[in-house]
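Engineer: Got chain A sorted already, so can you dock chain B onto it with the hints?
So the protein sequences, as listed, match chains A and B.
Taking the numbering used here, the leading residue of the first sequence gets 1, the next gets one more, and so forth.
Taking the numbering used here, the leading residue of the second sequence gets 1, the next gets one more, and so forth.
Think of the hints as simulated: they come from the structure by calculation, not from any bench.
Treat the hints with caution; some may be incorrect.
Said to hold, decoys possible - Here are the simulated lysine-lysine pairs, DSS-like style, with alpha carbons at most 27 Å apart:
no. : chain 1 : residue 1 : chain 2 : residue 2
1   : A       : K56       : B       : K57
2   : A       : K6        : B       : K57
3   : B       : K121      : B       : K146
4   : A       : K39       : A       : K56
5   : A       : K39       : B       : K132
6   : A       : K6        : A       : K56
7   : A       : K121      : A       : K6
8   : A       : K39       : B       : K57
9   : A       : K121      : A       : K132
10  : A       : K121      : B       : K57
11  : B       : K57       : A       : K7
12  : A       : K132      : A       : K168
13  : A       : K168      : B       : K57
14  : B       : K118      : B       : K132
15  : B       : K118      : B       : K129
16  : B       : K118      : B       : K146
17  : A       : K132      : B       : K57
18  : A       : K7        : A       : K56
19  : A       : K121      : A       : K168
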Amino acid sequence: MGDQLKKIADERDAGAFESLFLAFWPKVRAMLMRQGADKEMAEEIAQETMLAVWAKSHQFSGEKGSVSAWIYGIARNLRIDRVRQQAVWQRYYDELETMERLQTASDDSAVWEQQRPELEKALGGLPPEQLKVIQLSFIDGLSQSEIAATLGLPLGTVKSRMRLAYEKLRFVAEGGS
Amino acid sequence: MTARQPQHHPHPETLMSHVAGTLPNAISCVVACHASLCRQCADQIRWLGMLGGIMLKNVDADADDHVFKDDAAAHWSADMLPPRKLLHDPAPKIDDPLLPRPLARHLGIGGDDVPWRKVVKGVRQHWVKLPKGSGQIRLLRLAPGKELLEHTHTGMELTMVLQGIYGDHSGEYQRGDVIEWEEGSVHQPHASLGEEECVCLIGSENIPHYSRLVARLLRPIIGF
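Chain A with its partners taken away, still in its complex shape (with noise of 0.2 Å):
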């Protein structure tokens, strides 16, 4: 993925850029509307985020990042943005990490793209109650509360949940196994 992204930026290639909007875009828009977009809004807002991948495409250093995460932090920002109508701070924090990839010739972000499948891995092979409560954080855009309301659960299983699964994935985005 990190290639075509590459090819899109070295090359302008619009055939590469839009077998990534194909697979991304239906990824997005679910993702909107699961959070609560109609689907009006979530296509608009999936459109801006994969032409903010085509325009910005040349920021991104390929083998060093991962498509998907620029991808989701696109849409997370968009979706603060436009749906919820409030200042975004994550966006300064997925602005410093572009002029870093930019600045330096090698960074961290080299180490975590390795750990990547063993995150992913990682991921698939969490408890199913743990990795229920992050999909609805991540995906679903729900709060601790919400996510506590949905459950029936109260507030501190919710909280100590995430804090297991960020404990054990954590562990393996720093390296172990």
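Structural biologist: Chain B alone, transformed into the frame defined by chain A:
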């Protein structure tokens, strides 16, 4: 110059919700400000972003609607692609000794230009304007040794120290440190004695509840 790295961080589930974009806006502000000074939390945010990407990739877009894939094709056209944006520095290099970058960018001012308002002797504050439903953010400036009123919270609250030493029953904290209060916890913060004023950034989901009746009656007047 290597600044002291913060020793106290937001809770893991708070970092997670920050990356998922589900925190009250005021709380996300404090997390972003902390992470701009904290290498450790910056790294956590980075892998959590990758986790978000993995989960996005795993979203089954066809689960509810079999025409989803065709819909994407219908929205695709090579003609719609905009020209690439020119490379620019997206984060202006504001290096303010007091305000962390995300906040300095939001306010568009540096620490010297904060329009402080006196609340009582030794206490000044500035409310950060936010859209409705975002929670509350304020900058609080305490004279050395100044103690605040005891209060409790009905929602999340994060306090980040920007200058001086801030203390309460749980310990003492310095620049970059974040204290995350559990819902319902009671505390009475103070600025440590010394020469330096203490400046804090406080993000709260709800307005704090004061333990003493007199403080509750005064709150609308003194405003904190």
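Engineer: Could you work out which earlier hints the structure fails to respect and list their numbers in ascending sequence?
Structural biologist: none
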